[in-house]
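Chains as they are written, first to last, in full-length UniProt numbering: chain A, 1 to 333; chain B, 1 to 349; chain C, 1 to 258.
To be clear, the hints were calculated from the coordinates, so they are not data collected in a lab.
Do not rely on the hints blindly, as some may be mistaken.
[Stated by the list, open to error] Quick list of the computed label-pair ranges, beta carbon to beta carbon:
(1) C:Ser-24 to B:Val-88: 40 to 50 Å
(2) A:Gly-169 to B:Ala-139: 26 to 36 Å
(3) B:Pro-251 to C:Ser-24: 56 to 66 Å
Idealized CB from N, CA, C, for every residue including glycine.
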Amino acid sequence: MDTQIKDAPPPSPQPTVAEQKRAARGATRPGDRIFLGLSRGSGILLLVIMAAIAVFLTYRASIAISKDEANFFTAFEWNTQLIPPKFGIAVLAFGTIVSSIIAMALAVPIAVAIALFLTHYAPRRLRGPIAYVIDLLAAVPSIVYGLWGALILVPHMNGLYGWLDDYFGWTGIFSWQQGAPRSMLTVGILLAIMILPIITNVSREVFRQVPQMHEEAALALGATRWEVIRMAVIPFGRSGVISASMLGLGRALGETMAVATVLSPSFDIQASLLDPGGGTFAQNIASKFGEASELGRDALIASGLVLFVITLLVNGAARMIIARRKEYSGANA
Amino acid sequence: MSTAATVSTLKGARLPKWSPYAIAAGSVALGVGISFAADLHSSIQWALIAGLLFVLGTYGIAARVEGRRQAKDRVATSLVWVAFLLAVVPLVSLVWSTVARGVKVLDFYFLTHSMGLVSDDEPGGGIYHAILGSLEQVALATLIAAPIGVLTAIYLVEYGRGRLAKAVTFFVDVMTGIPSIVAGLFILSIMLMFDMEPFGFAGSLALAILMMPVVVRSTEEMLKLVPNELREASLALGIPKWRTILKVVIPTSIGGITTGIMLAVARIAGETAPVLLLVWGNSLINANPFEGAQQSLPLYIYQQYANSAGAGAAYDRAWAASLTLIAFVMILNLVARGIARWKAPKTGR
Amino acid sequence: MAKRIDVSGLTAYYGSHKAIEDISMTVEPRSVTAFIGPSGCGKSTFLRTLNRMHEVTSGGRVEGKVLLDDEDLYGQGIDPVSVRREVGMVFQRPNPFPTMSIFDNVAAGLRLNGSYKKSELTDIVEKSLKGANLWNEVKDRLNKPGSGLSGGQQQRLCIARAIAVEPKVLLMDEPCSALDPISTLAIEDLIGELKERFTIVIVTHNMQQAARVSDRTAFFNLAAVGQPGKLIEIDETERIFSNPSVQATEDYISGRFG
Numbered sequence: 001m002d003t004q005i006k007d008a009p010p011p012s013p014q015p016t017v018a019e020q021k022r023a024a025r026g027a028t029r030p031g032d033r034i035f036l037g038l039s040r041g042s043g044i045l046l047l048v049i050m051a052a053i054a055v056f057l058t059y060r061a062s063i064a065i066s067k068d069e070a071n072f073f074t075a076f077e078w079n080t081q082l083i084p085p086k087f088g089i090a091v092l093a094f095g096t097i098v099s100s101i102i103a104m105a106l107a108v109p110i111a112v113a114i115a116l117f118l119t120h121y122a123p124r125r126l127r128g129p130i131a132y133v134i135d136l137l138a139a140v141p142s143i144v145y146g147l148w149g150a151l152i153l154v155p156h157m158n159g160l161y162g163w164l165d166d167y168f169g170w171t172g173i174f175s176w177q178q179g180a181p182r183s184m185l186t187v188g189i190l191l192a193i194m195i196l197p198i199i200t201n202v203s204r205e206v207f208r209q210v211p212q213m214h215e216e217a218a219l220a221l222g223a224t225r226w227e228v229i230r231m232a233v234i235p236f237g238r239s240g241v242i243s244a245s246m247l248g249l250g251r252a253l254g255e256t257m258a259v260a261t262v263l264s265p266s267f268d269i270q271a272s273l274l275d276p277g278g279g280t281f282a283q284n285i286a287s288k289f290g291e292a293s294e295l296g297r298d299a300l301i302a303s304g305l306v307l308f309v310i311t312l313l314v315n316g317a318a319r320m321i322i323a324r325r326k327e328y329s330g331a332n333a
Numbered sequence: 001m002s003t004a005a006t007v008s009t010l011k012g013a014r015l016p017k018w019s020p021y022a023i024a025a026g027s028v029a030l031g032v033g034i035s036f037a038a039d040l041h042s043s044i045q046w047a048l049i050a051g052l053l054f055v056l057g058t059y060g061i062a063a064r065v066e067g068r069r070q071a072k073d074r075v076a077t078s079l080v081w082v083a084f085l086l087a088v089v090p091l092v093s094l095v096w097s098t099v100a101r102g103v104k105v106l107d108f109y110f111l112t113h114s115m116g117l118v119s120d121d122e123p124g125g126g127i128y129h130a131i132l133g134s135l136e137q138v139a140l141a142t143l144i145a146a147p148i149g150v151l152t153a154i155y156l157v158e159y160g161r162g163r164l165a166k167a168v169t170f171f172v173d174v175m176t177g178i179p180s181i182v183a184g185l186f187i188l189s190i191m192l193m194f195d196m197e198p199f200g201f202a203g204s205l206a207l208a209i210l211m212m213p214v215v216v217r218s219t220e221e222m223l224k225l226v227p228n229e230l231r232e233a234s235l236a237l238g239i240p241k242w243r244t245i246l247k248v249v250i251p252t253s254i255g256g257i258t259t260g261i262m263l264a265v266a267r268i269a270g271e272t273a274p275v276l277l278l279v280w281g282n283s284l285i286n287a288n289p290f291e292g293a294q295q296s297l298p299l300y301i302y303q304q305y306a307n308s309a310g311a312g313a314a315y316d317r318a319w320a321a322s323l324t325l326i327a328f329v330m331i332l333n334l335v336a337r338g339i340a341r342w343k344a345p346k347t348g349r
Numbered sequence: 001m002a003k004r005i006d007v008s009g010l011t012a013y014y015g016s017h018k019a020i021e022d023i024s025m026t027v028e029p030r031s032v033t034a035f036i037g038p039s040g041c042g043k044s045t046f047l048r049t050l051n052r053m054h055e056v057t058s059g060g061r062v063e064g065k066v067l068l069d070d071e072d073l074y075g076q077g078i079d080p081v082s083v084r085r086e087v088g089m090v091f092q093r094p095n096p097f098p099t100m101s102i103f104d105n106v107a108a109g110l111r112l113n114g115s116y117k118k119s120e121l122t123d124i125v126e127k128s129l130k131g132a133n134l135w136n137e138v139k140d141r142l143n144k145p146g147s148g149l150s151g152g153q154q155q156r157l158c159i160a161r162a163i164a165v166e167p168k169v170l171l172m173d174e175p176c177s178a179l180d181p182i183s184t185l186a187i188e189d190l191i192g193e194l195k196e197r198f199t200i201v202i203v204t205h206n207m208q209q210a211a212r213v214s215d216r217t218a219f220f221n222l223a224a225v226g227q228p229g230k231l232i233e234i235d236e237t238e239r240i241f242s243n244p245s246v247q248a249t250e251d252y253i254s255g256r257f258g
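I would like the entire structure built from these sequences, with the hints used as guidance.
Dropping the structure here:
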C-alpha cells in the first residue's frame, strides 16, 4: 500500500500517511462517516432480520406448543381445531426426510455424471451451450416444476409403479395398491429433477478447477479417461461435490409448491413409497394454511420453525465443508 | 507385464469407432422389442431398459475385445452419456409441455383481463391482475432488498474487518438457505401479532428477505473483482474513501452488480409459498399493494391448478401463466447475462 | 529395455495453427537428448508428440511418424494409453497427486496396470524411490501426503512415479525450471544415473544444463512469431556448444538472441 502511494503522481495537497490511514478507516469526514454508517447499518439490519426470524417464529411456536395436548415431536395427528387440540410433526419429519433422501439418491449421481460429461466427455463446442441451458433451468420457478410434475410426470409414473410392484413389491417399500402415483416416490423424483441443475452447476465448477497438471500426470502414467477422473478429478472435487449436494438437499427440504401440487397428502406414514399419503413440512403449511384458525397458524409456524432449524444445520454443514476445502486447497497451492 | 517385448505392447485390440453408436442402436431396438413383448406402456420403462442394455452391452463387448480397463472406461463413458440423456428428457419435456400447452390460451385478451366474473372451471379470463400484482410486489421487494444488499456487500468488501463482518458473512450464507415458506411464516407471525389482513406489501417483505442474501453474494463477488490498485490510486489522490467507492469502485463493477440484482429478481418472481401465505390471492384487479389481497403470477398458477378440480380450462390458464412466468424469468436472465458480458470490467482478469 | 525413437516428417497443429513443422530425428537408447531453443519454438510441443500427450489439448493433431523401435506411435490400432505407459513423462511443475500419500503416488501407475501383491508393490515403490534418490528422505513418512514435500523432493517423487511403471522412454519437460539450484543439481545427478536404464529426452531453457546432462542436443528455432517451429540441427552436445554447423545455433548459444 505504501509503495503504491509513493509511486502515484504527487497530488497538490499531499496527504500524510496518518491521514491516509484515518481516511481508510473512514472516520474523518462527514461523508465517510455517513457512508460507513449506512453500509454497516445494512449489515447489522441483516443480522437483526435473522434474529427476528428466530425470535418471532419461536414466540409463535411456543404459543402453539403450550396449547398442544399431544407430544409435538412424536404425535401422528394434526388436529388443531379439536378441543383440546392435538398435533405433532412426526409424519412431516418422516415425509420430508424420505422425499429428500430419494431426491438426493437420484440427483447426486446423475448430477455428478452430467458435471463430468460437461467437463470431460461432451464435445468441446457443446460444453458452453449445455452449461448455459442448465444455468437457465436452475432459474425455472418451482411452481412450474410443480405444475409439470402434477400434470405430466404423474400420469407417466403408472407404468413404472406397476413394474416396481411386480418385481420389488415383496420388499414392502415398493408395493403398490394401484392408487394414483401421487406418492413420496414421485415427489422424490420431481425434487431430484428440480435440484439437478444446482448440484450440476456447483460440481461442474469444482471439476473445472482441477489443475490441468494433475490430470496430465495421470494421463502420462497411461491412465484411461475414466482412470484420470478417478485418480485426479474425483479426489480433488469430492468435498466440493459434497457441499453442492448439501445445497441441493437444503432446497429439497424446503421445497413447497412442487410437493404441494404432486403429493396426495394424508396424516399418516405409508410403509410403501408408492402409496399416496404422508406429507412434508413445507407442503403441510401450504395445504393447511387456507383453513387454519389462529392456533392452526401458530401450529404451522411451529412446524416451520423445525424446518428452519433443519435447513440451517444442513446449510451450515455445507458451508463448513466449503470453508475447510478452501484452507485445504490453499495449503496445496 | 511388459516382458513379452517381442509382441507389440502398444497395440490393443480396439473396437471400431462406430461401435458405441451400434451398441446404442441395438439396445434401443432391443429395449423397444422387449417392451412390446412384455406389453409395457410407459416410455419411462422403455428408456430405462434401453439405457441398461446399452451400459451392459458396452461392458460385455468391450471387456471381451479390449480388456477390462478399456471396458471400464467405456462403461464410464456410456454411463455419463446415459445420465446426461436421462436428465435431458424431463427437462425438455418440461419446456416443451409448457410452451405447447401454454400457447393455447395465451393471447392479448389473456394478458389484459382479470378473472373477475369468471369461475375457476370455465374458460375465459386472464392474468392481468396477476401480472400487475407480481410486478408491484417484486418491484417493492427489489426497492428494499437491492440497496440493503448492495450496501451490505460494500461494508463486507470495503470496510469489513473483525467480528461484525464475520458474523454478517456467516448469516448471509445462512440466509441464502432459508426456505421461502419460512420467510413467509416470519412475516406472517408479525402480521398475526398486529391482527393484519393479507396485502401485497407483506409478500414484498418476505420476498425481500429471500432476495437480500443473493444480492449481497453477487455484489460481493463483483466488488472483489475490482483491482485494489484502482482504489489505492484514488485514495492516493486524496479522494475520500466514500467518494472512491461511489466514483471508482461502483462504476467499475456496476454491470456485474446489475446482473446480480436482475438474477435475484428473476428468482423471487417465481416464488409462490410466501405469497400464498401473505398475499392470499384475488381474482379481481387490486392495484394497491398496501391494502387488500392481491394476486401474483406464480400464485395464480397454483390456484388455477389446485382450486379447479381438474377443469381443462383452468389447466390451460395455468400453463399459459407458466409460459408467461418462464418467459419473464428467462428474459430477465438473458438480459442480465447480456449486461454482464457487455459491461464486464476491461481490467478484470 | 530402453528403446530408440525415430521421428520422420513430424508436423503438429493446434487447430489450424501449425506449431512445429517437418521434424525428423533419431534418439538413441540409453542416452540423454536435450532440446533447446527460444520460447515458443515448439520444443515442448514436440516433446508431447512423443507420447501422444499433444492430442490431449484441444485441437491438437499430428502428421508424420514417430517410431518407437520400429513401431509407429501414430499407426493404425495403436492405443494412446499404452503409448503413455511405455513413454513416461515428468512435467515442468512438480505435480504429485495432492490427495495421495507418497507411497500411493509412486504406486499409482502400477495400480492401473493390474494387480500386484502388497509385498510386490512395497518392493517396487522402494526401488523406484531409491532410483529417484528420494528413499532416504521419505522412507519414514511414506504415508504422509506427497504435497508436504519440498519442490525438489516433489519433482523427484514425480520421477519415481514415472519410473515405477518401467517405461522405455522418459520425457522431461523443463523439470528443473521451478526448482532452486540445489534441487536442480540433485535432479541433474539423477538424470545421469537414469540414463543407464532409460532413453531420456529433456527440454530445457538452461543451456548450461543441456551441456551438463545431455549426450546430444537439438536446437529448435522459429522464423518469426506465429511461424511454426523447426529443428535447426541435432548433434553431439560437445559439437553443438563448441562448433555448431549452423550460424543460428551459434548465435543462440553465444547469447546473441533468445
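Right, here's what the structure says about each hint:
1. C:Ser-24 to B:Val-88: 40 to 50 Å: For Ser-24 (chain C) and Val-88 (chain B) the Cβ distance comes to about 48 Å; the hint holds.
2. A:Gly-169 to B:Ala-139: 26 to 36 Å: Distance hint for Gly-169 (chain A), Ala-139 (chain B) is violated at roughly 53 Å.
3. B:Pro-251 to C:Ser-24: 56 to 66 Å: 58 Å, holds
The structure fails hint 2 only (numbered hints given earlier).
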